[in-house]
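Participant: Numbered by my numbering, the letters in the sequence shown go through residues 1 to 330 in order.
It is worth saying that the hints were derived from the structure and are not from the lab.
Bear in mind that the values here come from a model prediction, so they are computed numbers and not experimental data.
Where a beta carbon is used, it is the ideal one built from N, C-alpha and C, also for glycine.
Errors might be hidden in some of the hints.
[As the list claims (entries may be wrong)] Distance windows between CB atoms, simulated: (1) T213 to E316: 27 to 33 Å; (2) F101 to E283: 14 to 20 Å; (3) G271 to D147: 42 to 48 Å; (4) N261 to D210: 19 to 25 Å; (5) L44 to A221: 33 to 39 Å; (6) R12 to G56: 37 to 43 Å; (7) D147 to I223: 18 to 24 Å; (8) P243 to A277: 44 to 50 Å; (9) D5 to R138: 20 to 26 Å; (10) T213 to S3: 42 to 48 Å; (11) H174 to A277: 47 to 53 Å.
[As the list claims (entries may be wrong)] Straight-line C-alpha distance at most 27 Å; calculated DSSO-like pairs for lysine-lysine: (12) K260 to K317; (13) K145 to K76; (14) K215 to K285; (15) K285 to K260; (16) K306 to K145; (17) K326 to K260.
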Amino acid sequence: MVSIDTYYANRRVLITGGLGFIGSSIARALVRAHANVTLFDALLVGYGGNRFNIDGIDNSLTIIIGDQRDQELIKKAVAGQDIVFNLAGTLSHIDSISDPFTDLDINCRAQLSLLEACRKCNPTARILFAGTRGEYGRPAALPVKEDDPLHPIDINGIHNVAAEWYHSLYYTLHGLRTTTLRLTNTYGPRHQMRHSRQGIINWFVREALDNETIKLFGGGAQIRDATYIDDIVSVFLAVAAQPETIGGVYNVGGNASSLKNIAETVIRLAGSGSVCAISFPEEYKRVEIGDYIADGSLLSAVTGWKPSVDLEIGLEKTIAFYRQYKNHYW
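Model the full assembly from the supplied sequences, consistent with the hints where possible.
Facilitator: Given below as structure tokens:
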């Protein structure tokens with residue numbers, strides 16, 4: 001893989017959703033690599049944007065507070081950028097069903113707005129889009145490969161498929177240099193912690209630190225690929241720097257484990273909390289995908305990237321972060 005410090009020094013990088021979990025984590029790595037970083041975020045209530053996420057580096061980057069659907073504003077933001085990490089969006093399955101039009105706006109219209117801005121104002125920019133395992137729905141077989149069928153089972157999954165296809169179409173139709181990374185359960189510091197609708201592993205951490213009972217729907221036997229935030233940062237930076245990935249779609253895998261094991265590990269490391277099994281609430285049962293394990297061999301073959309952070313080490317770091325900075329996230 002390329003040297004991140006060498007590659008990103010003095011490059012102009014825009015991160016949409018830049019005050020959120022993944023965006024701010026990428027920003028920290030880029031600031032260390034001496035990139036010229038601009039964060040674009042709407043700071044919508046109930047989503048992941050948090051100014052504390054850039055505490056200590058806020059004077060080393062530019063911040064634009066605005067809505068990605070604002071064409072004139074996003075045109076100005078993308079102009080002159082070398083790389084765009086397109087991370088703005090929402091991943092709540094339940095919210096997408098109760099409020100499908102907001103999900104449509106954020107996960108489709110906002111993505112088209114960015115792509116149109118790049119097409120008109122910066123057609124040579126390198127663009128990375130964060131897709132999701134939700135695009136597959138209930139996997140037909142494990143591990144899941146990139147060419148497996150896409151059968152999303154909720155509104156959010158459908159909109160993420162559409163957003164990914166927008167990026168692929170703008171590559172084939174307009175020559176934009178896009179790549180999609182399909183992420184799975186990302187966890188770690190700087191994730192929002194006010195509700196459970198956007199990340200179950202981090203919610204386990206909150207419940208354990210609050211000495212509450214983690215309720216596992218159906219007993220928690222479901223397998224998930226858990227990916228620590230540092231691994232996600234490294235894969236985005238590696239892929240953006242690798243021309244061979246342009247036009248591609250790649251699974252990003254992590255450490256496969258049952259939700260029950262993850263919850264019990266969190267409780268053991270936190271030294272507090274408990275766990276119990278309960279029946280699936282009907283609204284969650286309808287959007288439950290069962291087991292999910294990503295086949296990351298294609299990404300590894302092209303870039304050499306593999307996850308490096310063990311699940312227990314990642315959970316230890318996550319617990320330590322929120323124990324120290326709880327008042328900024330609860």
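Participant: Now look at each hint and say whether the structure bears it out.
Facilitator: Comparing the hints with the structure gives:
1. Between T213 and E316 the beta carbons are some 22 Å apart, a value that contradicts the proposed interval 27 to 33 Å.
2. The hinted window of 14 to 20 Å between F101 and E283 holds, with their beta carbons roughly 18 Å apart.
3. Checked against the hint of 42 to 48 Å, the pair G271 and D147 passes, with Cβ atoms roughly 44 Å apart.
4. Here the CB-CB span from N261 to D210 is close to 21 Å, well matched to the stated 19 to 25 Å.
5. Distance hint check for L44 and A221: the Cβ-Cβ separation is about 34 Å, which falls inside the suggested range of 33 to 39 Å.
6. At about 22 Å, the CB distance of R12 to G56 disagrees with the hint of 37 to 43 Å.
7. At about 21 Å, the CB distance of D147 to I223 agrees with the hint of 18 to 24 Å.
8. At roughly 48 Å, the beta-carbon separation of P243 and A277 lies within the given 44 to 50 Å, and the hint holds.
9. Between D5 and R138 the CB atoms are about 41 Å apart, so this pair departs from the stated range of 20 to 26 Å.
10. Distance hint for T213 and S3: a CB-CB separation of about 46 Å, consistent with the stated range 42 to 48 Å.
11. Checked against the hint of 47 to 53 Å, the pair H174 and A277 passes, with Cβ atoms roughly 50 Å apart.
12. Proposed proximity of K260 and K317 is supported: the alpha carbons are some 19 Å apart, at most 27 Å.
13. At most 27 Å may separate the alpha-carbon atoms for a hinted pair to count; K145 and K76 exceed this at roughly 37 Å.
14. Restraint check: the Cα-Cα separation between K215 and K285 comes to about 14 Å, which is no more than 27 Å; the hinted pair holds.
15. Taking the CA atoms of K285 and K260, the gap is near 17 Å; set against the 27 Å cutoff, the hint holds.
16. Pair hint K306 plus K145 holds up; C-alpha atoms about 16 Å apart against a cutoff of 27 Å.
17. Between K326 and K260, the direct Cα distance comes to roughly 24 Å. Compliance with the 27 Å bound is thereby established for this hinted pair.
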